[in-house]
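The hints should help you fit chain B onto chain Z, whose structure is shown.
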Amino acid sequence: MSALLSVRDLQMHFPVRKGVVFQREVARVKAVDGVSFDIRPGETLGLVGESGCGKSTTGRAILQLYRPTAGTVHFEGEDLTKLSEKALFPYRRHMQMIFQDPYASLNPRMTVGDIIGEPLVTHRLVSDKAQLRRQVQDLMVQCGLNPQYVRRYPHEFSGGQRQRIGIARALATRPKFIVCDEPIAALDVSIQAQIMNLLKQLQKDMGLTFLFIAHDLSAVRHISDRIAVMYLGRIVEVADYETLYRDPRHPYTQALISAVPIPDPEVEAQRSRVVLEGDVPSPLNPPSGCRFHTRCPARRLNPDVADRCTRDEPMLIGQGRQVACHVVERDGLPPAGAGKA
Amino acid sequence: MAENLLEVHDLQVHFRTDGGVVRAVDGVSFHLERGATLGIVGESGSGKSVTCNAIMGLIPTPPGRIAGGRVLFGGRDLVQASAREMRRLRGNEISMIFQDPMSSLNPYLKVSRQLTEVLELHQRLDRKAARKRGIEMLEHVGIPDPARRFDQYPHQFSGGMRQRVMIAMALLCKPRLLIADEPTTALDVTIQAQILELIKQLKEDEGTSVILITHDLGVVAGMADEIMVMYAGRVAESAPAADLFRRPAHPYTRGLLDSVPRLDADHDELKPIRGLPPIVTKLPPGCPFAPRCDFASDACRRDYPAAKTIGGEHFTHCHHPLQEVSA
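Keeping their order, the protein sequence lines are chains Z and B. The opening residue of the first sequence carries number 1 in the working numbering; numbering runs sequentially from there. The opening residue of the second sequence carries number 1 in the working numbering; numbering runs sequentially from there.
Bound-form chain Z, shown alone (with noise of 0.2 Å):
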């Protein structure tokens, strides 16, 4: 099947500047620093990794939200990095967000009715003001809204409500693709699965695309039919979510993994726990090399490629299980699945 959506070698730089009158560009924030992959029709990718790594930026160059430095972004074979405003505005209808913060992302001063119905008058995709309510009311009813509600202000509602009145204002242009970013890490917990049930349900129901952008590995798993991680602005690997969680390769992978905790107090206690040391390194000056290597325990145990790892960043090897390791390229990498208990 070929892809909805192809990413080839994306960047995303944002130039540090110094200076009042003569802005000099003193470094650059490298980050997404050379992203590629591909999103099938129907499909749910989850993007992981931690904060600052890049993910956040990635979805929004993708929605040309940024306009990437490098790297192209096709939607359906259209470049959508070589398209003015204007020439993208058609595309813009087919490609929504949801993002984190339900109480930023909705204008208080609008009414619901209004903050979902806008994108519906903005594209025209309404004739008149019965149809537009009509539409609107639908898509409350969809995300599970009460359609009386329609004249109240966001701050009325809780905050897996105001998650919902998001993702109907994203439902209504009937997108084909959406870019999920962090949509339930501002919510309670009981409330996160309300919100993960109703985004599958939209996705059967509609056929929609995710781009499923989270901290959270549990929910990604949950939620994600292929996984990619990141690491300051690098895709280290990529599978689907069960040879990932079951048989990780990429040594940052392995210890994002080991770090979840499980809420199970017997599994816990059996659990062997790789612990990195340090923090993440700035992505301004990212180490050379293979970005991990500073905190890489298998660079450790394999003394015979840590120049390597240094010197040279890893590409991602292998074909629909994709690894970024000089160990791992060294020892080969199993078939997809091959892992599978």
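It is worth saying that the hints were derived from the structure and are not from the lab. There may be inaccurate statements among the hints.
Capping the alpha-carbon separation at 25 Å, the derived lysine to aspartate or glutamate pairs in DMTMM-like fashion look like this [stated by the list, open to error]:
#1 B:271 / Z:216
#2 B:271 / Z:188
#3 Z:200 / B:303
Covered by chain Z, per the in silico footprint, the following chain B stretches (three or more residues, Cβ under 8 Å) [to be verified]:
#4 185 to 196
#5 212 to 218
#6 251 to 257
#7 269 to 279
#8 312 to 318
Chain Z residues, not near chain B, derived (Cβ > 10 Å throughout) [unchecked claim]:
#9 50
#10 88
#11 99
#12 101
#13 111
#14 119
#15 120
#16 273
#17 279
#18 285
#19 329
The C-beta atom is built at its ideal place from N, Cα and C for all residues, glycine as well.
Structure of chain B alone, referenced to chain Z:
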């Protein structure tokens, strides 16, 4: 039975608001054995943080007040203690670490000043000795190059390192009780693992008792001996950790366990708890969870359920517990 370091009896904390009096904590009782870890689990507004602020004597009065109950720490009732007595306890015998280390550290003061202040105040150490002890403590919590870092400002530390500084500060006087209020919620998972490992290690070394407040069932699963689940200012269920996860008796606990995705489980459908979190100014009579509960009966909507013992130290406030009640 081991000796209890802390006993909380029928604690009531009320806040006066425009919408009426909020019973943020309503009849909470628990105890903590010396050297043990208690996990308090609940969502926002469940009263878990207010409970611990009350123990620390940190309820802003007004609008808040401790309306009833006793907090026995080493035999003394902290509710009756004078402000002066509380100042002597805080930071010395009871310490607290918070979710957001940036807002709990003074950005204008070097880390050195913030660390030595506690020692000079409580332990009457001179400058030099306090400095030495401060640097030792930074090293102890795993901060590299502690002598240099000691004279830096909080903004020069990363999130995980700031939380380490907070922990160092909290442990300087070797407190008997450490209260950790969502200590890892603002941190990335790999850093969270480091901090939890550190708290565990320090607990073993110093024999400190710990109260760990969190919304993350995974975090308490690996850390706590006993777990108390709170909902709308009340205790829903309390049990030894293994019991709570294996045999949850309160439908809310069951609901929480069913609604979080597990990294080691398959793509099953999550069973969310229906409805919305309670609004603390408008709590229903009877059991506060009744409007969201699949088992709610007329009795639930009318009367708040008394504690029922499931066995041993495991009890729940529920009219229709999911486990058999022992006599």
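Okay, the hints, checked on the actual structure:
Between the alpha carbons of residue 271 (chain B) and residue 216 (chain Z) the distance comes to roughly 18 Å, so the proposed pair stays at or under 25 Å and holds. Distance check on the hinted pair: residue 271 (chain B) and residue 188 (chain Z) sit about 15 Å apart at the alpha-carbon level, within 25 Å; holds. With a CA separation close to 38 Å, the supplied pair residue 200 (chain Z) and residue 303 (chain B) exceeds the 25 Å bound. Coverage of the stretch 185 to 196 of chain B by chain Z holds [criterion: at least 3 residues with CB-CB distance below 8 Å; count 8].
Only when three residues or more bring their CB closer than 8 Å to a CB of chain Z does the claim for the stretch 212 to 218 of chain B stand; here the count is 4, and the claim holds. For the stretch 251 to 257 of chain B, the stated coverage by chain Z is satisfied: 3 residues place a CB nearer than 8 Å to a CB of that chain, which reaches the threshold of 3. For the stretch 269 to 279 of chain B, the stated coverage by chain Z holds: 8 residues have a C-beta nearer than 8 Å to a C-beta of that chain, and at least 3 were required. Counting residues of the stretch 312 to 318 of chain B whose CB falls under 8 Å from any CB of chain Z gives 0; the rule of at least 3 is not met.
The Cβ of residue 50 (chain Z) does not lie farther than 10 Å from every Cβ of chain B; its closest approach is about 4 Å, which violates its non-interface assignment. At roughly 34 Å from the closest C-beta of chain B, the C-beta of residue 88 (chain Z) stays outside 10 Å, upholding its exclusion from the interface. The non-interface label for residue 99 (chain Z) is consistent with chain B: the shortest C-beta to C-beta separation is roughly 19 Å, beyond 10 Å. Every Cβ of chain B is farther than 10 Å from the Cβ of residue 101 (chain Z); the closest lies at roughly 15 Å, confirming the non-interface assignment.
Residue 111 (chain Z), annotated as away from the interface, keeps every beta carbon of chain B farther than 10 Å; the closest lies near 20 Å. Look at residue 119 (chain Z): its CB is around 26 Å from the nearest CB on chain B, clear of 10 Å, so calling it non-interface holds up. Interface exclusion of residue 120 (chain Z) from chain B stands, the closest Cβ pair being 27 Å apart, more than 10 Å. For residue 273 (chain Z), the condition that its CB be more than 10 Å from all CB atoms of chain B is violated, with the nearest at approximately 6 Å.
Consistency note on residue 279 (chain Z): stated as away from chain B, yet its beta-carbon is not over 10 Å from all of that chain's, at 5 Å minimum. For residue 285 (chain Z), the requirement that its beta carbon stay farther than 10 Å from each beta carbon of chain B is met, with the minimum near 14 Å. At roughly 23 Å, the least C-beta separation between residue 329 (chain Z) and chain B is larger than 10 Å, which holds for a residue marked as non-interface.
Hints 3, 8, 9, 16, 17 from the earlier list are contradicted by this structure; the remaining hints agree with it.
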